[in-house]
Amino acid sequence: MEKIIEVKDLLFEYEEGLKTINHISFQIEKGTYTTILGHNGSGKSTIAKLLIGLLAKQSGEIKVGGIDLNEENLNKVRSQIGIVFQNPDNQFIGATVRDDIAFGLENMCVDPKKMDTIINEYASKVNMLDFLDHEPTKLSGGQKQRVAIAGILAMSPSIIILDEATSMLDPKGKKEINNLVHQLNKDKNITILSITHDIEEAALSDYVILLNSGKVIDQGKPDEVLMKRKQLESLSLDVPFAYKISEGLRKQGIQIETYINQEKLVKELCQLHSKK
Amino acid sequence: MSITFKKVEHVYSENTPFSYHALKGVDLNIKTGSMTALIGHTGSGKSTLIQHINALLLPTSGEIQIEDVMITATNKPESLKPLRKKAGLVFQFPEYQLFEETILKDIIFGPKNFGIEESEAEIIAKKVLKLVGLDESYLEKSPFDLSGGQKRRVAIAGILAMDPDILILDEPTAGLDPQGAKEMLNLFKKINRSGKTIIIVSHDMNQVLEYCDDVIVMSNGKVERHESVDEIFKETEYLSSLSIDLPTITSFILQLNKHGFKIDSSIKDVDQLVKEIGGQL
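These protein sequences, in sequence, are chains V and U.
Mapping of the first sequence onto this note's numbering: position 275 corresponds to residue 300, and the numbering continues sequentially without gaps.
Mapping of the second sequence onto this note's numbering: position 261 corresponds to residue 332, and the numbering continues sequentially without gaps.
Check before you lean on any hint, since a few could be wrong.
Derived CB-CB ranges, DEER-like [as the list claims (entries may be wrong)]:
(1) V/120 with U/307: 41 to 47 angstroms
(2) V/213 with U/337: 41 to 47 angstroms
(3) U/90 with V/213: 30 to 36 angstroms
(4) U/113 with V/293: 32 to 38 angstroms
(5) V/50 with U/212: 30 to 36 angstroms
Everything labelled a hint here was simulated from the structure, so no lab data went into it.
Glycine included, every Cβ here is placed at the ideal spot set by N, Cα and C.
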């Protein structure tokens, strides 16, 4: 598999001696949905900022799409990555949804004659076509994040980073964004790197990187990493609901697999029940 | 201290082209000492409603009674000062409200405004800071050097310092990690048990189920339901018509029941649910 992000021995300090990112290494495969999981203050967002060169690393190596991230290559790296930040209110520039999506295109010197077609295409992808002339500030949180994603898609990145992009949204907005991102991952093969502390979201991803105090504590498939209850709890993280139930049942002597996926657990329980 | 709304209407920017009818005929009685969740869509009127409880907004018509204080369209703000002490409102993302040089100064700002001596206010500050889970070493730090979760604790401490009988919280755990959210809610529950009335705006039905007694559902500026937690989550069709999710555990039980299990859907506790499932296998 092709590695699209390679991080090697990365070190970053906001203050001297305070290693916010403490010599970490990880790799992300092209086309996967990876979550970086950790509690508030674990260094998650700092990683996102380092990956797009908003912060400069102290030492170590970051490669995106095979290109070394350094001052010279900054634009080549950034053109591959789009990032959606946590607060939907902090990422608008344009006075209308249309202007906002156009902003990135203008920066890339896209021919203004072509812009409308591009804007319409991506606004419709995120289901915001009817809102092109609306003021971004008057949209709901979920709608705002969808506009942010449309703006990113218009730049055709190969990677989208979501930095707790749904943590300020209501459940409906959260679902809208999660569905959209999964769809982009599947249909357009865009690599997704989602930074979150939502364990149920992590359970639905392909790969999980567990972060604490600036170090990678564990990484692997969700059914490996998210099965380690003690480790998750010691990192102030929750345990998937399906895991709690299936583990509880096993303790009662019921023969059942341990699950992190609710749907699968319901299926197995119903089968057991019908066989009774 | 009971909170009563009678036929409360609120229209923003009345008689202008931007006029917006945010509260429509709200009748409500919130019991003293309860912990009540206020749920509903973005834009359903939740924030408008809570701002009436400490008279940040005055009703366009109708009246609100908070113990012996009456709030009406014409009640001038000067006479509402005692109310502001009774009802403390914590906005969403209260960390944006911090403004002082040190955490101590930020917390004592409120009590001093209500005429409490500085030395006494400092004693209060130490007490409330401990209550929100920060030690005294933080008092002289700048609130802006803290993490998001810590900032929020300081902001909430600033409200607690005024010792309100009613504490109103607008999505106090949004953006906090699960551990931070749990600590915060346990704190509110503790404050609630000491006799204070708590109103909490939340989108997280798991929290509502676990921590609250009653639920108020708002939709389109109206209060549509005001029931106990157990009752409200039985109304699955109604909630889904508002796209309000059920708590994880409740929706899980209902899925099992569809396939032949017979489990009481008001179970709130995972261990109890596990026992129940085990018993039916």
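Hints violated by the structure (listed by number, smallest first)
Number 3 only.
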